[in-house]
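S.K.: Starting from the structure of chain A, add chain B where the hints point.
There are 2 protein chains.
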Amino acid sequence: MPVNPNADIEISAFTWVPPFAEGLVRDLRPRWALEEVGLPYRVQLLEGERPPEYYLDQPFGQVPCYREGPLTIFETGAIVQHIGEKSEKLLPRDSVARIHAIQWTYAALNSVEPAIQNLTAIDLFYTNEEWAKLRRPGAEEFARLKLKRVADRLGDKEWLEDHFTIGDLIMTTVLRIPRHTDLVAEQPNLAAYVARAEQRPAFQRALADQLAVFKQHQPEGVTA
Amino acid sequence: MPVNPNADIEISAFTWVPPFAEGLVRDLRPRWALEEVGLPYRVQLLEGERPPEYYLDQPFGQVPCYREGPLTIFETGAIVQHIGEKSEKLLPRDSVARIHAIQWTYAALNSVEPAIQNLTAIDLFYTNEEWAKLRRPGAEEFARLKLKRVADRLGDKEWLEDHFTIGDLIMTTVLRIPRHTDLVAEQPNLAAYVARAEQRPAFQRALADQLAVFKQHQPEGVTA
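Read top to bottom, the protein sequences are chains A and B. Take the first sequence: its letters are residues -17 to 206, numbered as in this note's numbering. Take the second sequence: its letters are residues -17 to 206, numbered as in this note's numbering.
The shape of chain A in the complex, shown without the other chains (with noise of 0.2 Å):
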């Protein structure tokens, strides 16, 4: 269980978030590469509005924020790559092993997650605006296109590399993101791909230590 109070690494996360933010909050990316290297980090818990000094480690005010002795990096994607550079369980140390598992992080941060956060933040966001009512088709048709194009590409492969890696990491973590519709179920291989990464035990450890943190703060009157 890699969550030490005493760790050199911390990573920043919410105290509580709405249930339907449960298990997506971006933390867990981190977290989860630390599981997957075995490396205990801390957790900076974060409640209402950001401070003002927290602007100065994540200019966008967003979670998380990952510390690691004087190292402050912001951005999942660049977080979980450096946690990467540690071991090439999640990042291969062959040069083009490397850059394709790169190149899937970007992947899923620029031409998947867009997609797939402008329909859910029509479904959990927006729901009774007008806009968003006359949105909602082509934006799923947009987010459908996208899973389609990765369906398509990971075939009938374990991962979309030769290994589990980073790509797979961020990848799966936005496709775990559009939970209330059936848009991943649609595409079965990716569907599958989806479960086999949630069923790895760093997967679960982070996921649980996420949870948990929530459960400890769930204010009263509010059930999971």
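The set of hints was computed from the structure by calculation and includes no laboratory data. For clarity, every value in this text was computed on a predicted model and none was experimentally measured. It is possible that part of the hints are untrue.
To be verified - Computed from the model, here is a short list of chain A residues facing chain B with C-beta under 7 Å:
#1 F42
#2 I55
#3 E57
#4 Y88
#5 A89
#6 N92
#7 S93
#8 P96
#9 E112
#10 W113
#11 L116
#12 R131
#13 R135
#14 L136
Built from N, CA and C at the ideal position, the CB exists for glycine as well.
M.R.: Coordinates of chain B only, in the frame set by chain A:
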């Protein structure tokens, strides 16, 4: 002038795009990076529908794809990071400076570009749609907030970190996208930053080479 038909490195690009997209197509990113490090490249020109085999190299069917001998990379973040590995002019060798450059590359592509693309798609592709009219104020406000966060972090510095890196290169190409708005001009330090990057001779050469192809393939009756 690194465009050279006999070069080892190949990038894909379009023969022609409508004026609103001129100078914004993403092959500008590797063109610029290759100019910065002084490496020659040849261009695979694509016209109309992508041939099915193109998807083998670029699963999303987008431009650019990067080829170097047996190596193929898609996603401009990964392509530019790969080019950066060839020269510390773009990607520092010091491990902290290095991950900070990479962090800004991810920030540009995941924290800034999606907000800017949403606004730009409304303005360029969906202008007359009812949902777009209703959504535009919110999309603009969100894009403005993202730019303010970058501007706040940049402050009065010349570049996002100590020297020009791949992070500045990608961020500049992202900040050029909303050129039909005043969003960047509203943040004078950000506007000056973009202008500074655009004045780099490598950028100028890359842009000229992209535009020269469009001019050469301009359909009859279309004026630039």
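S.K.: Holds or violated: is the Cβ of L136 (chain A) closer than 7 Å to a Cβ in chain B?
M.R.: L136 (chain A) check fails; min Cβ-Cβ to chain B is 9 Å, beyond 7 Å.
S.K.: Using 7 Å as the Cβ threshold, decide whether P96 (chain A) counts as touching chain B.
M.R.: The hint holds - P96 (chain A) has a Cβ within 7 Å of chain B, the shortest such distance being about 4 Å.
S.K.: Does E57 (chain A) pass the interface check with chain B, least Cβ-Cβ distance below 7 Å?
M.R.: Result: holds, 4 Å to nearest chain B Cβ.
S.K.: Given L116 (chain A) as an interface hint, is its Cβ closer than 7 Å to any Cβ of chain B?
M.R.: holds, 4 Å
S.K.: Return the status of the interface hint for S93 (chain A): holds when the least beta-carbon distance to chain B is below 7 Å, violated otherwise.
M.R.: holds, 5 Å
S.K.: Can we keep the I55 (chain A) interface hint, with Cβ of chain B closer than 7 Å?
M.R.: holds, 6 Å
S.K.: Let's test the interface hint: is any C-beta of chain B closer than 7 Å to that of A89 (chain A)?
M.R.: A89 (chain A) check passes; min Cβ-Cβ to chain B is 5 Å, inside 7 Å.
S.K.: Does the closest beta carbon of chain B sit nearer than 7 Å to the beta carbon of E112 (chain A)?
M.R.: At 6 Å from the nearest chain B Cβ, E112 (chain A) passes the 7 Å test, so the hint holds.
S.K.: Would the stated hint for R131 (chain A) survive a check requiring a Cβ distance to chain B of less than 7 Å?
M.R.: Holds, because the Cβ-Cβ distance from R131 (chain A) to chain B comes to roughly 5 Å (cut-off 7 Å).
S.K.: Under 7 Å is the threshold here; is the Cβ of F42 (chain A) close enough to any Cβ of chain B for the hint to stand?
M.R.: holds, 5 Å
S.K.: Does the CB of R135 (chain A) sit less than 7 Å away from some CB of chain B?
M.R.: holds, 4 Å
S.K.: Hold the hint about W113 (chain A) up to the distance rule: shortest CB distance to chain B must be less than 7 Å.
M.R.: At 4 Å from the nearest chain B Cβ, W113 (chain A) passes the 7 Å test, so the hint holds.
The structure is inconsistent with hint 14 alone, although it conforms to all the rest.
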